[in-house]
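> The chain contents come next:
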Amino acid sequence: MRLQLVAAACAVALSSTACGLTESNGPSVATDGTVTVTSTDDACELSTDQVGSGNVVFEVTNAGNQVTEFYVYGDDGLRIVGEVENVGPGLTRDLVLRAAPGSYVASCRPGMSGEGIRHGFTVTDSGDDAAIQGVTQAAIDTATDQYADYVRDQASQLVDRTAEFLAAYRSGDDDEARRLFPLARVHWERIETVAESFGDLDPLTDLREADLEPGHKWTGWHRLEKDLWPPAKGYTPLTDAERATYADDLAGNIAILDSRVEDLEFTVDQIGNGSKGLLDEVATGKITGEEDIWSHTDLYDFQANVDGARVAFEGLEPLLEVKDPELAKTIAARFTALQSLLDEHRVGEDGFVSYDTVTTAQRKGLSDAVNALSEPLSRMTGAITL
Amino acid sequence: MTEPSAPHTRGVSRRGLLGAAGALSVGAGAGGFALARAAADDGAGTAGKGTTYPFHGTHQAGILTPAQDRLHFAAFDVTTDSRAALVALLQEWSAAAASMTAGQPVGSGEPPAPYDGPPADTGEALGLPASGLTLTFGFGPTLFEKDGRDRFGIRARRPEPLRVLPHFPADNLDPARSNGDLCVQACADDPQVAVHAIRNLARIGFGTAAMRWSQLGFGRTSSTSTAQTTPRNLFGFKDGTANLTSQDASDVDDFVWVDRGDDGAADWLTGGSYLVARRIRMHLETWDRTSLREQEALVGRDRTEGAPLSGGTEFTEPDLDLEGNDGPLVPLDAHVRLAHPSVNGGTRMLRRGYSFTDGVDDLGRLDAGLFFLAFVRDPDRHYIPMQTRLSQQDGLMEYLQHTGSGLFAVPPGTDSVNRGGWVGESLFS
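Here the protein sequences line up with chains A and B, keeping their order. Mapping to this note's numbering: the first sequence position 286 is 286, numbers consecutive. Mapping to this note's numbering: the second sequence position 159 is 159, numbers consecutive.
No wet-lab data here; the hints were simulated from the structure. Note that the Cβ used here is the ideal one computed from N, Cα and C, for glycine as well. Some clues are possibly wrong.
To be verified - Simulated restraints on C-beta separations:
#1 Asn172/B / Arg152/A: 45 to 51 Å
#2 Asp41/A / Glu124/B: 33 to 39 Å
#3 Asp81/B / Ala361/A: 17 to 23 Å
#4 Leu91/A / Arg260/B: 55 to 61 Å
#5 Pro169/B / Pro214/A: 53 to 59 Å
#6 Asp81/B / Val347/A: 26 to 32 Å
#7 Ser354/A / Gly236/B: 24 to 30 Å
#8 Gly236/B / Gly90/A: 49 to 55 Å
#9 Ala84/B / Ser197/A: 36 to 42 Å
#10 Val347/A / Arg389/B: 50 to 56 Å
#11 Ala84/B / Asn65/A: 29 to 35 Å
To be verified - Distance condition first, Cα-Cα at most 30 Å in a straight line; then the derived DSSO-like pairs of lysine-lysine:
#12 Lys146/B / Lys329/A
#13 Lys217/A / Lys233/A
#14 Lys364/A / Lys146/B
Construct the complete structure from the given sequences, taking the supplied hints into account.
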């Protein structure tokens, strides 16, 4: 609350770079300019039409009765530099931009249609803009296309590896099925956030027994897992016919997934949030050993989630390098640190120790490393889209 | 809405002057002087929710500060070998602490985070007053040396008394509730404010420091100002009647602050202190079945008034020699006797403990007790001898079990003139 008042007060008198938050106890003050924007049904009022280059905050308040939007365009009035959408009546939302010196057009769009109410807007050279660079559309396209390719490739491998696993399972070769189970799941876990975005497929495929709702039939990976690593007491093994039924069901759902990702396209924020989401999966499911409670193959899933998150990050890394190289460096270093911890638990070329042999202290070490990575990773999307 | 705390020069803040009516003045030994505004005295002796205590100052806040009603204490393991990363963390923590103790969110003064990123502050304290929040930071012995390694190039500056506390008789310490490289004591009159502070510091620490253990506390069990009433601990007795308060200026200098020359290797600690943390489980079920006669004999005071059994009122000095029919009125194994300065070479202690209840144990007994916190000038003289005696002889030990432990060096306050100061600066620069 205080920040807004001081910021607003100083925006009025704003002539140069540092808005004087000298009373703040925070570290070096980075607020270069704050512009309050009041959008009504027939007006768009800006507290100033001139602000210093660098970080610029537009505090957009919808004082009208319709849902509004606020856009900042380049001087051609076409190229979108930044936007906030869906601001309901009475709400205030911030648009944060890193703006280079130049002429811009600011626009409120009450009712979310039409040209909007436009004003010219000038960003003066504050000497603080040396690092401001844009990200080209070509770079964005490269990143999003690469990620879509990766998802398709993993889905396709998932189909093949799952078929191999299911063949062993159907034929009763349980040792081979147990060997192939975690290896097939790797391809699922690498794109788990994409798979989960299909709300109908995910529960049919990856539901754990503990998540079952009354009356629901349990199918998918973990149903077969329990059959291959049955509890010592009170479990009735599936018959050959039942095995075939569950196997067909899993194969069918995987095939549907594969076909659905064929035409899937991704945006930068979907990839960035997906990367963070994969690590959230690790933090809530794998670290605790809840994912593969019968087979204890959680570390395979863990590694696969990290693989997927890393691919997503590396695809966006060139964009992040432009926007926030320090953050890119931190994230890369923490991926490396997490990987070296994971590598301590490897067995053979593509295997991991059973998770029930990983001690509480080791699990805490892994959890600390996941937190260390996830925290900066959670800032990646915002940094790129800034 | 909170106002910014006024520019901090020698501690007489604008709001301190404005609020002079109910102000609690805190005399700090080395000439430092801090005023806090008491917006609304809540009657229990805490200073009221509108109170702010400046983060920057000669000494760290949260030691002489009138004890707030709530605690969130956390110990951290440093997870990096990088001295630069550790220093950066201490700087970030200091900046965040300065914001939060002023009743402002983390990251205030910086532009808001982008809508597509998480906010800098976790948000649960937005709109709440500062609630007298203080954040007090300490360094454990393992920060200086761990497994024989000089992790951050500060081994040679380890203060001699900063060692893992020895095993005391009857200790049953849980390693998962003991020790740590760093500690933070968050005290406030609103539990949400204290929890918010630790949560945000932990979040800032990810990748550099990981939380090792933490303890929530309620109902301060000590007064650190004569303006406060003496509270009761979970045994139902007044606790801390003889506590060292901020009004005892010369005793504060003698028993709280490390003086220049105390330790040649650790002059950086001048103006700092040592924090002793002990999680003391109280066996409340058996205590509650004990006759009042025995309870009072074990404590050495009467329960209603808190007066010593030798007579008088709460603040009457106990007469340890006064005989009754069958021995001294204050029994030989009474807590008051064994903790008394006359039995401990004149030592007085500034305690800042809190009660805790962490649910029930496997046997259905309350896992409750006293989270003991004390600030001492030299643990080798001012804590370890007394605790050794108490653990061996105190009749109360039948109802107590120490389950957690930590000793931390508390560096002096951050630069009070130039507000860019950070906690630990004297150690790392």
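> Work down the list of hints and note, for each, if the structure agrees.
Quick rundown of the hints versus the structure:
1. At roughly 58 Å, the beta-carbon separation of Asn172/B and Arg152/A lies outside the given 45 to 51 Å, and the hint is violated.
2. Against the hinted window of 33 to 39 Å, the Cβ-Cβ separation of Asp41/A and Glu124/B comes to about 35 Å, which satisfies the hint.
3. Look at Asp81/B against Ala361/A: about 18 Å separates their beta carbons, and that is inside 17 to 23 Å.
4. Distance hint check for Leu91/A and Arg260/B: the Cβ-Cβ separation is about 56 Å, which falls inside the suggested range of 55 to 61 Å.
5. Our hint of 53 to 59 Å for Pro169/B and Pro214/A holds, since their Cβ atoms are close to 55 Å apart.
6. In this structure the hint that Asp81/B and Val347/A lie 26 to 32 Å apart at CB holds, the actual value being about 28 Å.
7. For the pair Ser354/A and Gly236/B, the beta carbons lie near 51 Å from each other, so the given range of 24 to 30 Å is not met.
8. At about 52 Å, the beta-carbon gap between Gly236/B and Gly90/A stays in the expected band of 49 to 55 Å.
9. Here the CB-CB span from Ala84/B to Ser197/A is close to 40 Å, well matched to the stated 36 to 42 Å.
10. Separation of Val347/A from Arg389/B is about 54 Å and conforms to the stated range, judged on CB atoms against 50 to 56 Å.
11. Ala84/B and Asn65/A have their C-beta atoms about 54 Å apart, which leaves the hinted 29 to 35 Å range violated.
12. About 28 Å separates the Cα atoms of Lys146/B and Lys329/A, which keeps this hinted pair within 30 Å; it holds.
13. A distance of roughly 21 Å separates the Cα atoms of Lys217/A and Lys233/A; the hinted pair therefore holds under the 30 Å criterion.
14. Our distance criterion of 30 Å between C-alpha atoms is met by Lys364/A and Lys146/B, whose separation comes to about 19 Å.
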